[in-house]
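Given only the sequences and the hints, what does the whole structure look like? Please build it.
The primary structure of each chain is shown beneath.
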Amino acid sequence: MAWKMVVASTGVVLAASISMMLAAEPARLPPPRGQVLAKGLSGTRLESPDYLGTSSCTSSSCHHKSGHRRAVGSEFVTWNAEDPHRKAWETLFSERSQRMVRNLYGPGAGPASQTAWCLACHATGEGDLSRASTALTLVDAVSCESCHGPAKGWLAAHTRAGFHELDPETKEKDFGLLNTKDLASRAKVCASCHVGNADVPLMQVNHDLIAAGHPRLNFELSSALAKYPAHWRVDEEQARFPDLGWRTWQVGQVACAEAAARLTAARAGQATSGGAWPEFAEQDCFSCHKNLVVDSIRAPLKKAPLTPLGRAPWQTWLAGSLSLADRESHEALFSLRERMAAPTPRPEQARTLALQAGEYLAKRSRALAGLEPLSVMAEAELLTRLSRETATDASRLGWEELAQRYLAMTGLREDLRRREGRFDTAFEKPYLELRDALKGQFPPRHDSPRADSDEVRAARDRDMVLGKLRSALGAIAGSSR
Amino acid sequence: MLAAIAVGCGLVFTALGQDPAWLTPGRRDSFPAERQYQDSMACVRCHAQPTANDIPPEKNRPAGRPYPFDFVWLTEYATWKTHDKHAQAFAVLKGKRGQEIGKLLGQDVTKAATGCLNCHAQQAMSEKSAGAIDLSEGIGCASCHGPSSSWVGPHANAAWREKAEREKSELGLRNLRDPEVRATLCASCHIGNAQEGKVVTHAMFAAGHPPLPPIETATFSRNQPPHYREGLDVPYLRMSNEPTRKRYHAEPFQMTRLALVGALVNLRETARLVAERSEFDLKDSKLELVRWPELATRDEGEPAEDSARRKARWPELALATSDCYACHHDLQYPGYRQTRGYGYHLPGKERHRVFPGRVMVRMWATTLAGAAARLAGREHLASLDASLAKLAAGTTVQQFGDPAVIRQACLELEKACDAAIRAAKAAPLDQAGASAILKDALEAFNEPGAGKPDQPVPDFEAARQLASLADVIASDLKAGKEKPPAFIAALAKLSDLVDLHPYANRQARLEVILGLIEREQKLPKGATVAFSEYLQKGGPVDLARKLVDDRDFLPSFNRIRSEDFNQWLSENATATRLQRLDDEEERKLMSRLNSYDPAEFLKAARELATQSAR
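Quick note, the sequences are listed as chains A and B, same order.
Just so it is clear: in the first sequence, position 162 is 162 by our numbering, and no numbers are missing.
Just so it is clear: in the second sequence, position 162 is 162 by our numbering, and no numbers are missing.
Calculated directly from the structure, the hints in this document are not laboratory data.
Source: prediction; values computed, not measured.
C-beta atoms are modelled at their ideal positions from N, C-alpha and C, and glycine is treated no differently.
Possibly wrong hints are sitting among the right ones.
Claimed, not checked - Restricting the straight-line Cα-Cα distance to at most 35 Å, the calculated cross-link-like pairs of lysine-lysine (DSBU-like) are:
1) 603/B <-> 483/B
2) 59/B <-> 525/B
3) 439/A <-> 103/B
4) 546/B <-> 525/B
5) 478/B <-> 603/B
6) 85/B <-> 111/B
7) 246/B <-> 415/B
8) 96/B <-> 439/A
9) 103/B <-> 468/A
10) 87/A <-> 152/A
11) 468/A <-> 588/B
12) 227/A <-> 87/A
13) 588/B <-> 439/A
14) 439/B <-> 537/B
15) 85/B <-> 415/B
16) 227/A <-> 152/A
17) 522/B <-> 111/B
18) 522/B <-> 537/B
19) 39/A <-> 390/B
20) 286/B <-> 103/B
21) 468/A <-> 96/B
As the list claims (entries may be wrong) - Covered stretches of chain B (chain A as the covering partner; in silico rule of three or more C-beta atoms under 8 Å from a C-beta of chain A):
22) 308-321
23) 325-334
24) 338-350
25) 354-364
What the hints assert, rightly or not - Not everything, but these chain A residues come out facing chain B in the computed CB check (under 8 Å):
26) 106
27) 207
28) 216
29) 343
30) 344
Okay, here's the thing in structure tokens:
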């Protein structure tokens with residue numbers, strides 16, 4: 001048939017061009033400086049593709065039943081109607097996206113919607129359509145296989161008798177069906193776009209991309225999942241893990257730090273061959289992006305002993321609160337943070353430490369995901385302790401560490417509300433004050449705390465905000481007993 | 001033995017191959033060795049208060065005989081001591097912020113070893129002085145005017161004025177009437193000079209040193225405030241013949257030329273600072289901390305070999321000369337940075353793109369260099385631009401740039417500036433030329449097709465430079481003919497948008513200082529007001545006569561020992577008050593910087609260009 005021939009031949013050309021690009025620049029970070037464009041909107045493989053596209057899932061007897069949103073069997077409906085991932089590709093048509101590719105590649109840049117670097121996370125298939133079936137289209141955006149794994153290995157198998165009984169590790173290892181039911185594995189899947197993927201060079205938002213106009217990544221698993229229109233049974237998860245809110249925050253911290261450490265290791269490996277080193281996107285944004293006059297809450301002056309003057313600490317957002325998530329600590333992680341705060345960290349050292357830290361964190365995230373649930377009492381005590389410690393440390397912590405602690409408290413709050421059936425109203429007022437004090441630092445349109453102008457300064461005075469935070473945290477500690 | 005010969009040959013070769021350093025404007029300040037520095041006590045006797053003999057009589061002025069006041073105010077010392085912040089340069093080290101910085105750096109900032117005294121006192125001079133130099137007087141007369149041992153006597157004779165520039169320089173007097181010499185001198189502290197140990201490192205900034213604002217030499221001179229009159233404002237020079245006027249660079253549009261030559265000098269000094277600090281080989285390792293004060297600290301695991309160690313520290317070194325606001329800004333979307341894009345831009349030329357997210361060399365000085373190149377000649381625009389292209393390549397290639405490429409680009413830029421400076425100093429400049437330069441500068445960002453996606457826009461510092469130049473040219477133009485109100489309004493709007501006259505607290509700060517002097521010298525309250533007014537009005541002769549009459553006032557300043565002066569300033573209440581005034585000013589400027597909107601600025605620039613064409 002003529003149309004098939006056409007598709008097949010363009011497919012070959014496209015596959016060739018992309019694979020040539022990949023061959024010329026083998027797994028290197030950062031992404032290539034020149035723009036690489038996907039020439040078509042759909043996959044190219046007729047035979048044995050890895051990615052099959054949503055159409056392979058949406059049979060009316062499988063995941064596109066005619067149920068309402070959120071109903072089991074109607075996963076596609078939920079995703080299609082509510083899931084923000086559905087719009088991941090659409091957003092590449094925005095003015096902002098166009099501006100970004102122009103900043104990166106010059107005035108003659110091609111469309112963002114076909115730029116390989118963008119597609120790596122904004123579409124299914126990691127930016128490489130040569131592995132995808134002709135049935136996969138970019139319009140599908142971030143769809144089933146982005147999170148569940150390329151369907152080639154498991155599509156047929158997962159409907160067969162006996163598959164259900166297999167343990168998740170086998171499903172993942174032998175069939176390629178990712179174990180998204182396990183929090184640690186799920187976190188890893190999320191992190192591969194929302195933090196970055198050390199194994200796929202294009203899957204990263206580095207400082208170049210942020211400067212060009214991309215929002216910074218500040219992913220936190222528990223708040224992301226709380227906002228997410230789940231297409232699975234959250235109530236079942238909660239029954240299994242009554243402390244789901246806290247557990248998700250805890251596992252998320254460790255898993256995201258792991259992804260970050262692996263990225264650092266990969267970047268360190270490329271440091272001497274033209275990679276960006278150190279990669280600014282790994283460092284505390286507000287160490288640099290801050291007002292030069294006022295010692296504001298965004299970046300306290302004395303971050304000793306980790307950060308000497310004029311230097312930026314590593315991964316404040318992703319790893320700055322790790323010690324709360326995981327009371328065990330690891331020498332490599334500590335040394336990594338210390339070394340990475342130097343303006344010129346030695347890549348060899350950093351790589352070794354980052355690899356060690358990554359391995360350790362991977363182990364820890366699996367262990368934490370499988371721990372026995374905490375009792376109600378234990379969660380309440382944890383909330384009290386967290387508030388107390390944060391109140392004591394508030395003046396030493398930057399915005400990012402404070403915000404992470406707030407999110408941890410939010411997880412605990414959700415758990416306690418659910419488990420107790422009601423919740424101490426004495427908690428709510430200071431909790432909301434805490435939220436507002438933190439949010440007050442980020443006015444609309446800002447991706448950072450705003451530099452103080454005369455008008456808003458009074459309201460955002462560092463001491464005042466700190467005072468508010470401390471009293472809110474004190475009240476929370478008192479009420480959650 | 002061989003080494004000794006080599007060194008000897010080197011010296012001979014240098015001496016034969018080049019002009020002595022003191023003859024080359026802009027080269028390192030090395031006056032002949034026998035010229036020795038003195039502190040301001042050598043000057044105070046004559047330069048504090050004029051006597052009746054110095055000032056022409058109100059009526060029946062004898063023909064043909066200039067009075068000293070026709071040439072010099074004779075209130076220079078008093079002006080400096082009371083109104084000029086340079087006199088407080090050492091005191092600030094002992095002030096609130098100075099002490100805080102010292103604490104954070106773990107250093108005593110009042111000690112020579114830290115390098116602070118290279119800009120905050122006359123440290124370098126104390127090494128070349130006959131007697132002890134009083135470091136506590138801050139930046140005094142000799143810092144700018146040069147070593148006075150050989151000219152302090154002869155320069156008081158009227159015949160001195162007819163001597164050649166070269167002869168005076170040889171005796172140790174720096175010719176600050178030459179716009180290049182003056183701009184180079186200002187830049188040595190206000191931009192930096194790695195040979196003289198005048199470097200503000202990133203750690204110093206992080207510890208609390210205020211950002212170094214971009215300078216525009218003419219406006220800076222006016223703000224000092226001047227203790228002198230500029231070229232044609234000097235009655236003696238107006239009365240003189242053409243060669244004398246030329247020698248003193250007294251000409252119409254003198255401030256415009258100062259701003260434009262100054263712009264090229266600023267660019268050259270920026271380039272030189274970067275070039276010197278990216279040259280990691282150093283023959284005399286004793287000079288290491290002069291060029292790179294950062295290297296006083298050692299990072300764990302650093303290479304042992306000197307140049308390798310310096311190279312490994314490049315990112316930290318680069319930060320000291322990087323664009324502050326490339327990093328220190330709000331993360332805002334939409335924001336003008338993404339709209340503007342990234343790169344180096346010489347107005348009048350296309351922008352040289354730099355990959356987004358790179359730390360860029362601080363290049364505010366290119367803004368007016370474009371305008372200055374128009375005075376120097378079009379070919380200079382091309383050569384300046386070519387080195388910026390290279391700089392862009394060196395910046396893009398990796399984070400913090402490739403120091404070798406950056407150095408090469410900066411050396412070329414330095415050379416291109418040198419040539420442009422020579423041409424800009426010699427080029428004729430008149431009413432039409434100054435108007436055209438103003439119009440061009442304002443329209444450089446507003447060329448046909450403005451608003452297209454990749455049109456470069458001026459960032460805040462560039463905008464301030466533009467507004468500053470507009471202000472200077474406008475006042476030179478005004479000297480000929482009063483401008484229409486619409487022009488004045490457009491100019492005011494432009495200045496206002498970038499807070500061009502940022503010394504909001506200048507008056508308040510001055511009142512603190514003058515109040516202290518009045519109190520300590522037991523002068524009646526408000527006794528100093530008349531002097532301020534005199535300075536503000538540019539030293540009119542009738543007010544000068546009143547100063548002569550007041551026998552106790554100006555000479556009382558002579559009696560102030562600088563140590564006492566500093567002591568008053570660093571008393572707790574005063575220090576707190578002064579620091580608060582400074583902080584407020586800075587905060588205001590930062591807040592303006594953060595709310596700056598280039599579109600609004602360009603609109604105002606367009607309006608001013610339209611008005612100036614009328």
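Now the hints, each set against the structure:
1. Pair hint residue 603/B plus residue 483/B holds up; C-alpha atoms about 20 Å apart against a cutoff of 35 Å.
2. Distance check on the hinted pair: residue 59/B and residue 525/B sit about 33 Å apart at the alpha-carbon level, within 35 Å; holds.
3. With a C-alpha separation of about 33 Å, the suggested pairing of residue 439/A with residue 103/B holds against the 35 Å cut-off.
4. This hinted pair checks out: residue 546/B and residue 525/B have alpha carbons roughly 18 Å apart, not beyond 35 Å.
5. Pair hint residue 478/B plus residue 603/B holds up; C-alpha atoms about 23 Å apart against a cutoff of 35 Å.
6. The suggested pairing of residue 85/B with residue 111/B holds, with an alpha-carbon distance near 20 Å, which does not exceed 35 Å.
7. Among the hinted pairs, residue 246/B with residue 415/B is consistent with the structure: their alpha-carbon atoms are about 26 Å apart, no more than 35 Å.
8. This hinted pair checks out: residue 96/B and residue 439/A have alpha carbons roughly 33 Å apart, not beyond 35 Å.
9. Distance hint between residue 103/B and residue 468/A is fulfilled; the C-alpha atoms sit about 29 Å from each other, no more than 35 Å.
10. About 24 Å separates the Cα atoms of residue 87/A and residue 152/A, which keeps this hinted pair within 35 Å; it holds.
11. With a C-alpha separation of about 26 Å, the suggested pairing of residue 468/A with residue 588/B holds against the 35 Å cut-off.
12. Between residue 227/A and residue 87/A the CA atoms are separated by roughly 16 Å; this keeps the pair inside 35 Å, and the hint holds.
13. Restraint check for residue 588/B and residue 439/A: satisfied, since their Cα atoms lie roughly 24 Å apart, inside the 35 Å limit.
14. In summary, the hint linking residue 439/B to residue 537/B is supported, as the alpha carbons are separated by about 29 Å, within the 35 Å threshold.
15. Straight-line distance between C-alpha atoms of residue 85/B and residue 415/B comes to about 33 Å, which keeps the hinted pair within the 35 Å bound.
16. Restraint check for residue 227/A and residue 152/A: the C-alpha separation of about 30 Å stays at or below 35 Å, so the hint holds.
17. Straight-line distance between C-alpha atoms of residue 522/B and residue 111/B comes to about 33 Å, which keeps the hinted pair within the 35 Å bound.
18. A distance of roughly 26 Å separates the Cα atoms of residue 522/B and residue 537/B; the hinted pair therefore holds under the 35 Å criterion.
19. The straight-line distance between the Cα atoms of residue 39/A and residue 390/B is roughly 33 Å, inside the 35 Å bound, and the hint therefore holds.
20. Between the alpha carbons of residue 286/B and residue 103/B the distance comes to roughly 26 Å, so the proposed pair stays at or under 35 Å and holds.
21. Restraint check for residue 468/A and residue 96/B: satisfied, since their Cα atoms lie roughly 28 Å apart, inside the 35 Å limit.
22. For the region 308-321 of chain B, the stated coverage by chain A holds: 6 residues have a C-beta nearer than 8 Å to a C-beta of that chain, and at least 3 were required.
23. Note: the region 325-334 of chain B has 8 residues with beta-carbon separation from chain A under 8 Å; the three-residue rule is met and the coverage holds.
24. For the region 338-350 of chain B, the stated coverage by chain A holds: 4 residues have a C-beta nearer than 8 Å to a C-beta of that chain, and at least 3 were required.
25. Counting residues of the region 354-364 of chain B whose CB falls under 8 Å from any CB of chain A gives 4; the rule of at least 3 is met.
26. Nearest Cβ of chain B to the Cβ of residue 106/A: about 6 Å, under the 8 Å cut. The hint holds.
27. Taking 8 Å as the C-beta cut-off, the interface hint given for residue 207/A holds, the closest approach to chain B being about 4 Å.
28. The criterion of a C-beta within 8 Å of any C-beta in chain B is met by residue 216/A, whose closest approach is roughly 7 Å, and the hint holds.
29. Checking residue 343/A against chain B by beta carbon gives a least distance of about 4 Å; that is within 8 Å, so the hint holds.
30. About 5 Å separates the beta-carbon of residue 344/A from the nearest beta-carbon of chain B, less than 8 Å, and the hint is met.
In summary, the structure agrees with every hint in the numbered list given earlier.
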